[in-house]
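Trainee: Going by the numbering used here, the letters in the sequence shown line up with residues 1217 to 1756, in that order.
Among these hints, one or two may not hold up.
Unchecked claim - Pairs of lysine-lysine residues, derived as DSSO-like cross-links and limited to a Cα-Cα distance of at most 30 Å, are as follows:
no. : residue 1 : residue 2
1   : K1587     : K1626
2   : K1646     : K1607
3   : K1321     : K1388
4   : K1621     : K1415
5   : K1504     : K1492
6   : K1388     : K1492
7   : K1375     : K1729
8   : K1729     : K1748
9   : K1480     : K1492
10  : K1308     : K1551
11  : K1649     : K1389
12  : K1551     : K1488
13  : K1372     : K1488
14  : K1710     : K1684
15  : K1649     : K1626
16  : K1543     : K1605
17  : K1375     : K1649
18  : K1626     : K1595
19  : K1543     : K1626
20  : K1595     : K1552
FYI, nobody ran anything at the bench for these hints, they're computed from the structure.
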Amino acid sequence: MEEILFSQASLILLFPFFPTCSWLLCARAEFTAFPHFLLSRLLIWRRIGKIIMESLISRSSGITMNPWTSPQDIQNQLQSFGSNICLIAGDKSYTFQDIDETSAKLADSLYQKGVSMGDILGIYGFSPEETYFILFALWKLEAIPLPLNHYWPLDKVQKHIHQLSSSFLLHKKTPTLFDSSHTFSYSLERISDNSLNNKNISNLLFTSSSTGKPKGVCHTFSNHFYSAMGSYQNIPFHQGHRWALTLPLYHVGGLSLIFRSLLKGGTLVIPKGKEKPGNPSFSQFLNKNKITHLSFVPTQLKRFMLNLNILPSSISAILVGGAPIPKRLIIEGLKKGLPLYPTYGMTEMASQICTAPKETPLQFLCQTLGKTLPFREVKISEDGEILVKGKVLFPFYLTELGLQKPALQKGWYPTRDLGTLTEEGYLIWKGRKDNLFISGGENIHPEEIEKTLLDFDEIEEAIVLPQKDPEYGQVPIAFIRCSSSLSYSEMEKKLALHLPTFMIPRKFYPFPKDFPKGLKINRKELIKWWEKNSPLERSR
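Starting from the given sequences, assemble the full structure and let the hints guide the process.
Mentor: Quick look at the structure:
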């Protein structure tokens, strides 16, 4: 017989739908060997109960349950917060009304040059402040923005957007997009006549693919609405709060902050110039602007902590994700009083999927990436792959072949990540399914070695790759960026305390000088570079 457990809350939700089964209330809260003929019905009602509970949670927070479905909903949010501060960039502050009015002027300028509803515009080379206004201008035109990595060379950008048949490439013509009189200066290059006739599409973001060809993840306004809603339940962000925009807007972690701001009227603050997490001036930036929220990838967090003397009292939440988080980094952060929230997310799920709840026990904070947020679902497949679904899941990719729906497994999106769920519902991330390689019959997850390397104070960044070997098939090598020099023997001794011999990299290399920069090291691009430049290849 099947076994199923129900909480008292579940029974209360089920009771109105089973009037002939009032005996349920007199039974224990846990049932075993439950009659099979009721099992399917109860599972259906338990899912309905989950939906009802999400609705009650949202209403208790004072958030409307009407999801955003078009650019008009974004317009409504701007108007509803009016004179409240929306964006701060240096000494300039913009209200929601300012954003509305200035982006309307830019929208008119773009319209006069031929941009219209459904057009796809690549956005390249602009500052975060300028990109912010461009996004709102394009939404007014019901056009679709595609923010691009400004570290990419222009020829690569042009190649990618041609492959996707984007409508235009918008890039900088002069040092600033607009001056004090709001006169706009930019270059607009027509790429194709392609457009997407779907008002619910909010944006495209590039993501890597196994073929190496670019894929654009299509997000909808409702994806971002439910992403912001679920995030808010765990980390409130509303009027009076200030979130530092430390992640780029071509990254889903940065873009999602715009929608969190729109949800409840919180303010985004853009660091200027040298105000970066690794510089002493960043602490001055935090104090000056009374920052309450921060988002970091682990490398940024490590640099921030190295220059941190006293944590500003205004900081209430630091979201950390995007890459494996070393255990030691979490422990040292907690010792410094940092309110850390490890998180697991991805572009295809419009940012966060799981995040540590407030006051998570230490053992879970150091080893897991939190619990599933509202409007998302997570399960583990038989082979250990993390599967996800929910209201935040993207509807389709844009490829060189046009719009393509993602390949789902009975409604679940396969993330290619490996992991487990604890009995308490915490997610443990183990690595990428497609990064695993075999050395002498032993499975090696590069991320395990990388996390160990990043626990060393001297190492700022690390990527482990497989190198062909005549005896073992493949052996690990590592690219590292250090704050101080370390010899191979020193590195080997340190690693031997934490890893088996077959997991210790055979060689250590500095990252190539000509390798493209970004928020994270692109593993696939580094593999391609290494295949062309490794000593083995050069000797052939």
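Trainee: Please go over all the hints and tell whether each is borne out by the structure.
Mentor: Each hint, compared with the structure:
| no. | hint | verdict |
| --- | --- | --- |
| 1 | K1587 x K1626 | holds, 23 Å |
| 2 | K1646 x K1607 | holds, 25 Å |
| 3 | K1321 x K1388 | holds, 17 Å |
| 4 | K1621 x K1415 | holds, 17 Å |
| 5 | K1504 x K1492 | holds, 14 Å |
| 6 | K1388 x K1492 | holds, 23 Å |
| 7 | K1375 x K1729 | holds, 23 Å |
| 8 | K1729 x K1748 | holds, 15 Å |
| 9 | K1480 x K1492 | holds, 27 Å |
| 10 | K1308 x K1551 | violated, 35 Å |
| 11 | K1649 x K1389 | violated, 42 Å |
| 12 | K1551 x K1488 | holds, 29 Å |
| 13 | K1372 x K1488 | holds, 27 Å |
| 14 | K1710 x K1684 | holds, 24 Å |
| 15 | K1649 x K1626 | holds, 20 Å |
| 16 | K1543 x K1605 | holds, 28 Å |
| 17 | K1375 x K1649 | holds, 29 Å |
| 18 | K1626 x K1595 | holds, 12 Å |
| 19 | K1543 x K1626 | violated, 35 Å |
| 20 | K1595 x K1552 | violated, 34 Å |
Hints 10, 11, 19, 20, counting from the list given before, are not met by this structure.
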